[in-house]
Amino acid sequence: MQGVIAAFAELDSTVHAIEDLRKQNFKDISVFSPVPRHELEEAIAAPPSKVRIFTLVGGLCGVTFGYWIPIWISDYWPLVVGGKAIASWIPYTIIGFELMVLIGSLSTVFAMFALARIPRLTMTVGYDPRFSGGDFGVWVAAGPDRAPAATALLQKHGALEVRNER
Amino acid sequence: MATMAEPRPNVASAGNRLPAIQDYQQVDREIIGTLQPTLGWFAMLGTALLALLIGALSWTYQIHEGLGAAGYHPPVMWGVYIISFVFWVGIGHAGTLISAILYLFRAGFRTTIYRASEAMTVFAVMTAGLFPILHLGRPWKFFWLIPYPNWRLIWPNPKSPLVWDVFAILTYLTVSATFFYVGLVPDIAVLRDKETNPIRKRIFATLALGWRNSDTEWRHFTRAYLFLAAFATPLVLSVHSVVSFDFAMSLVPGWHATIFPPYFVAGAIFSGIGMVFTIIIPIRKFMKLEHYVTINDLDAAAKLCLFTSCVVGLAYLTEFQVAWMSGNRVEQEYFWNRVFGQWAWAAWIMLICNMVMPISLFSQKLRRNTTWLFILSIFINIGMWFERFVIVIPSLSHEFEPWQWGGYRPTWVDFGILIGSFGWFFMWFLLFIRQLPVMAISEIKEILPPKMKHAHAEAQAAVHGTIGHPITTDGGTH
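In order, the protein sequences belong to chains A and B.
With this note's numbering, the residue at position 101 of the first sequence is 140, and numbering never jumps.
With this note's numbering, the residue at position 161 of the second sequence is 207, and numbering never jumps.
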């Protein structure tokens, strides 16, 4: 993918550059920042994360599985004591709860990995080590026809460095 | 901020919690600077390894000789191993409390201490998990407790608290280790980008999973972190409740009490905060991080310590009151024997260390005195080990009938394994603090004001609360 990457030292310049790029109808924009910031997220206007769906489904699967294991074991190997229930749901709630937390948490992490596309084997284009340090980065996809306009816009907002990447 | 007077170093104000830290680069430089091993660190690691060796040799001897090598003697068939199991699980509670519960409550003082506490949690639960195995006559068959299809056609009894323990401890270990690692990923990416040694760089690159600090990654990360914290919060409360069921589900005097779950959870958090002080005070001193973990942070943690001490103290007194009001002679005799009889020495160590000494934390001067906090934390660690001693041993040695009464004396094998557990815990912790950042780099950067081109805009935004507030708990939807 062809595009332009710019590094900024200041947060407000980055936010203004993204807003201007969006006004100029550049669609594919990514921001790199050492910390998550509301200002950048609002400027990018990305939809809410879908991690929550995986958390819910994982938690529900976990609690179902957590009740099912002890009930199945109790029926398979019944311990009949004093006419009490062979499968008693009250103590099994502990196992149900623990597995809800376990599978819900693991599916949350799986969702984060899947949606954020990690683990990533190569860093691909549009990354600079300084984005984990103190600088903010803006990557914008632009073909040869639009790259000069994007470069000019990023420079206008005070980018420390702008370079074309492919 | 431009109009404000320059704050004195290390004195927090409402607008700036870490005034001695100027920018993101300083955070990277100072935290990564702590990763250089020193002679003192090697000496401590050597001591930890020696302690671990003592534990390993003691266990080898025990496996060869059988469980009789430990101090088990009827009627006391639970001893140092179960005491230490509950002790280490308890230590493991403060980390998740600080990293998850205080995260949801947005307590600012957690930011600089949570990474060390979280590491402490993971290593403490790893230590705790060894003790039920050490306590088995045939330790190599511990996995029989996990219900999985097998040709033995044997299944564990899911109505037994010991099986609940397996689920609770394994879930806690997995979730706290996952939470710990997920939080570390952005920081390992910083190490990867700064590292010059090619081998270490490759290792960090693998551990960082290709993290690029992009907006997509942060968006899903903050949301996932929030949900993990939301899951970890009830988990913390459940795990020590389940551990307390090991006792409370029995009919033994002193154990058969409904107060046990909250009593155990409060005790666990109290002991964990004690251990947090034991490790964070030397870390901030020897790694020169006093301007990160400020006195204000320690003061706030000391208040939490005081609060949990009061809850634990109330639980101790309630136990006596319940025994007194119950009209049950066995229960009354048991508690009399605990405080004034056979086990008075242990009970008073517990009461003085856990109930009396922390009262000193009502004094602000002492809460802000790191030497006192460190000394107190050692007493809390000792007191909380003895709390578990007082729960386990006196009950088993003084059951219903006089012919059931007896004594307990641990052997050198018990002490060897106890020393070994400290060696195991501190070995992992010491390795951690010199390989990975002991403070959360990205979260500390979140509380620093970002660089702005227009100082006027920043000041205005700070007043209106629009700029200068990083995404923390809500994952970016507000």
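In short, the hints are calculated from the structure, not lab data.
There may be inaccurate statements among the hints.
Each computed DSBU-like pair below joins lysine-lysine, with the alpha-carbon atoms no more than 35 Å apart [what the hints assert, rightly or not]: (1) Lys499/B <-> Lys66/A; (2) Lys195/A <-> Lys497/B; (3) Lys123/A <-> Lys205/B; (4) Lys349/B <-> Lys334/B; (5) Lys240/B <-> Lys195/A; (6) Lys66/A <-> Lys240/B; (7) Lys411/B <-> Lys334/B; (8) Lys195/A <-> Lys66/A; (9) Lys497/B <-> Lys349/B; (10) Lys411/B <-> Lys349/B; (11) Lys89/A <-> Lys240/B; (12) Lys497/B <-> Lys62/A; (13) Lys240/B <-> Lys497/B; (14) Lys89/A <-> Lys62/A; (15) Lys411/B <-> Lys331/B; (16) Lys247/B <-> Lys89/A; (17) Lys62/A <-> Lys499/B; (18) Lys66/A <-> Lys349/B; (19) Lys499/B <-> Lys89/A; (20) Lys123/A <-> Lys187/B; (21) Lys187/B <-> Lys205/B; (22) Lys411/B <-> Lys240/B; (23) Lys499/B <-> Lys195/A; (24) Lys89/A <-> Lys411/B.
Listed next, with one range per pair, are the computed distances between beta-carbon atoms [said to hold, decoys possible]: (25) Cys100/A <-> Trp451/B: 29 to 39 Å; (26) Asn203/A <-> Leu96/B: 40 to 50 Å; (27) Arg205/A <-> Thr84/B: 42 to 52 Å; (28) Arg205/A <-> Ala102/B: 30 to 40 Å; (29) Ile192/B <-> Pro86/A: 36 to 46 Å; (30) Arg205/A <-> Ile249/B: 25 to 35 Å; (31) Asp59/A <-> Phe88/B: 47 to 57 Å; (32) Thr84/B <-> Asp184/A: 52 to 62 Å.
Computed from the model, here is a short list of chain A residues facing chain B with C-beta under 10 Å [to be verified]: (33) Val70; (34) Phe71; (35) Arg91; (36) Val119; (37) Gly176.
The beta-carbon is built from N, C-alpha and C at its ideal position, and this holds for glycine as well.
How the hints compare with the structure:
1. For the given pair, Lys499/B sits about 26 Å from Lys66/A by alpha-carbon distance, which is consistent with the 35 Å threshold.
2. Restraint check for Lys195/A and Lys497/B: satisfied, since their Cα atoms lie roughly 18 Å apart, inside the 35 Å limit.
3. About 12 Å separates the Cα atoms of Lys123/A and Lys205/B, which keeps this hinted pair within 35 Å; it holds.
4. Our distance criterion of 35 Å between C-alpha atoms is met by Lys349/B and Lys334/B, whose separation comes to about 24 Å.
5. Under the criterion of a C-alpha separation no larger than 35 Å, the hint pairing Lys240/B with Lys195/A is consistent with the structure, at around 30 Å.
6. For the hint linking Lys66/A to Lys240/B, the alpha-carbon distance of about 32 Å falls within 35 Å, and the restraint holds.
7. Under the criterion of a C-alpha separation no larger than 35 Å, the hint pairing Lys411/B with Lys334/B is consistent with the structure, at around 22 Å.
8. For the hint linking Lys195/A to Lys66/A, the alpha-carbon distance of about 19 Å falls within 35 Å, and the restraint holds.
9. Between Lys497/B and Lys349/B, the direct Cα distance comes to roughly 34 Å. Compliance with the 35 Å bound is thereby established for this hinted pair.
10. A hinted pair counts as satisfied when its Cα atoms are at most 35 Å apart, and Lys411/B with Lys349/B qualifies at roughly 12 Å.
11. At roughly 32 Å between alpha-carbon atoms, Lys89/A and Lys240/B fall within 35 Å of each other, so this suggested pair holds.
12. Taken as a hint, the Lys497/B and Lys62/A pair is honoured in the structure, with Cα atoms around 24 Å apart against an allowance of 35 Å.
13. Taken as a hint, the Lys240/B and Lys497/B pair is honoured in the structure, with Cα atoms around 21 Å apart against an allowance of 35 Å.
14. A C-alpha spacing of about 27 Å is found between Lys89/A and Lys62/A, which places the hinted pair at or below 35 Å, so the restraint holds.
15. With a C-alpha separation of about 19 Å, the suggested pairing of Lys411/B with Lys331/B holds against the 35 Å cut-off.
16. For the suggested pair Lys247/B and Lys89/A, the alpha carbons sit about 32 Å apart, so the restraint of at most 35 Å is met.
17. In summary, the hint linking Lys62/A to Lys499/B is supported, as the alpha carbons are separated by about 21 Å, within the 35 Å threshold.
18. Proximity of Lys66/A to Lys349/B is assessed by CA-CA distance (about 51 Å); at most 35 Å being required, the pair is judged violated.
19. Distance restraint check for Lys499/B and Lys89/A: the Cα-Cα separation of roughly 34 Å lies within the 35 Å cut-off, and the hinted pair is therefore satisfied.
20. As the CA atoms of Lys123/A and Lys187/B are separated by approximately 30 Å, the hinted pair is consistent with the 35 Å bound.
21. In summary, the hint linking Lys187/B to Lys205/B is supported, as the alpha carbons are separated by about 20 Å, within the 35 Å threshold.
22. A distance of roughly 41 Å separates the Cα atoms of Lys411/B and Lys240/B; the hinted pair therefore is violated under the 35 Å criterion.
23. Distance check on the hinted pair: Lys499/B and Lys195/A sit about 13 Å apart at the alpha-carbon level, within 35 Å; holds.
24. Straight-line distance between C-alpha atoms of Lys89/A and Lys411/B comes to about 48 Å, which puts the hinted pair past the 35 Å bound.
25. The hint said 29 to 39 Å for the Cβ distance between Cys100/A and Trp451/B, and at roughly 50 Å that hint is violated.
26. Checked against the hint of 40 to 50 Å, the pair Asn203/A and Leu96/B fails, with Cβ atoms roughly 59 Å apart.
27. Here the CB-CB span from Arg205/A to Thr84/B is close to 46 Å, well matched to the stated 42 to 52 Å.
28. A hinted range of 30 to 40 Å for the beta carbons of Arg205/A and Ala102/B is inconsistent with their spacing of about 56 Å.
29. With their beta carbons about 41 Å apart, Ile192/B and Pro86/A fall inside the hinted range of 36 to 46 Å.
30. Taken as a hint, the range 25 to 35 Å holds for the pair Arg205/A and Ile249/B, whose Cβ atoms sit roughly 30 Å apart.
31. Separated by about 54 Å at the C-beta atoms, Asp59/A and Phe88/B satisfy the suggested range of 47 to 57 Å.
32. Hint check: Thr84/B to Asp184/A, Cβ distance near 57 Å, so the stated range 52 to 62 Å holds.
33. The beta carbon of Val70/A is positioned within 10 Å of a beta carbon in chain B (closest approach about 4 Å), and the interface hint is therefore held.
34. A hinted interface residue such as Phe71/A counts as satisfied when its beta carbon comes closer than 10 Å to some beta carbon of chain B; here the least separation is about 5 Å, so the hint holds.
35. The beta carbon of Arg91/A is positioned within 10 Å of a beta carbon in chain B (closest approach about 7 Å), and the interface hint is therefore held.
36. For Val119/A, the suggested interface contact is broken, since its CB lies about 12 Å from the closest CB of chain B, more than 10 Å.
37. For Gly176/A, the interface hint holds, since its Cβ comes within 10 Å of a Cβ in chain B; the closest pair sits about 8 Å apart.
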